[in-house]
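Undergrad: Make the full structure from the sequences, and use the hints.
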Amino acid sequence: MHRTLLKSLTLGLMAAAAPLSAAQAAVTVLGWPGGPEETALRAVADIYNAQDGLAEEDRVEVLFFARDGFWDKLQADLAAGTQAFDLNLIATYSIGRYAPFMEPVTLSDEAESVYGESVLSTMQFEGQQYGVPTDLSLHFMYFREDLIEALLADADAAAVYGDISEEYLGERLEPKAPDEWTWDDYAATALYFTQAVNPDSPTRYGTVLQMQNLLFNMMVWQSTARSYGGNWMDDEGNITVDSDAYRRGLELYKMLYDAGATPADSTSYEFPEANAAFVSGQVATMLQWNGAAGELTNPETAPAVADTVGIVAPPAGDEGRFTHIHGLGFGLNQNAPNKEGALAFLQWLSTEEAALAYAANSGAPALTPEVVAAIADERPDLVQLGEFASQYGYVMNGATGANALSVYELQAQHFTGYWTGQETLDEALAAVASGMEDMLAE
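Quick note: the sequence shown uses the working numbering, first residue 101, plus one each step.
Please keep in mind that the hints were generated in silico from the structure rather than gathered at the bench. As the structure is a prediction and not an experimental result, all values here were calculated from the model. Keep in mind that the hints are not guaranteed to be accurate.
[Unchecked claim] Label pairs and their computed distance ranges (CB to CB): (1) Gly-381 - Glu-156: 55 to 63 Å; (2) Thr-524 - Phe-170: 46 to 54 Å; (3) Asp-256 - Asp-209: 53 to 61 Å.
Beta carbons: idealized from backbone N, C-alpha and C, even for Gly.
TA: Below you can see the structure in the form of structure tokens.
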């Protein structure tokens, strides 16, 4: 049944009418320009427009701004009461910035069974749904299967591993399969595969950390703190980052950096630099965005490691396994000239039919296991995306607020300052807590 559906969606796209002119389209959707997001949006708009019996005034046209300054222009247009589009792109970390100029929406009855609660929460603000989550980003733990298998099969190597974990972590640990790792297991494995710690290591570095002063690197790191029970603030709005959970997560990175488990210039690393280090064949593990999977497992872009890359969810802390998630989606402009038609498209966009069409045309929706099974052969990456999002996904309390990006920037400034020795841990946490008090109180 699902395969028949996918074939019909593809045929529907091929047979779709030519792009509509602005005068013909009654519903205008502002999307993210370029890349798979634009490809997928154009495809589902064409499929929607090809429906039998769709009234001319309910047809959809897509609109794209330039990437440069996209979010600032969007805020300015919404604040000015624009009627240039009915639906607009939104992101988890900036919903609060745009919510005053948008309206909450009700999705289709299928939405929860298609996406799951944690994924739907990426498009929520102050308890209300503001959009359909069409594309999701989260984190995978990438590792070298060949190296881990050799370690698990070697008793002498396990003894060295135990010695290293006892020296650096204060506890004698045994090697484990990556899907069973705690953060201590990850750290011990990274140290074992570091030549500065273990001269017999087959790789120079056990891991690669993204430690540049950049807000998106905080999203990668913060799952350590979250897995130990950390959060931005409690249910009463009290800032809670100066906690044991945050201390443990920050100390983990600093210990690995100081031990030489990650390249010395990791303090200038973000997504591309970390990928380059991993594909060199000189790194054993890496916590990285799911978007890297295509590059790391492609023999053309990663010839040294592609055939040996394994993927699991991030390691566990005291409170379990967690991965930061954020999404892109579409919500309703408060001043939309055609709210009825726009809401009809949003309702359809949150159905299983539309979600599978979006996925079949290069999109990256996080779907529940029952739904993603329909496209698993064509898009195996979406299987883990949906599984990890539904089981381990989280959004920090306050991380959809108007100042969420500023909070991440504040954390990046001070936490990287701690990692590089410019601040003490107490100083970094105090500065972040104080700044967040002001930012999240606004």
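Undergrad: Against each hint, give a clear statement of whether it holds in the structure.
TA: Status of each hint after checking the structure:
For the pair Gly-381 and Glu-156, the beta carbons lie near 57 Å from each other, so the given range of 55 to 63 Å is met. A C-beta distance of roughly 38 Å is found between Thr-524 and Phe-170, which places it outside the suggested range of 46 to 54 Å. Here the CB-CB span from Asp-256 to Asp-209 is close to 59 Å, well matched to the stated 53 to 61 Å.
Going through the hint list in order, the structure does not satisfy hint 2, though it satisfies all others.
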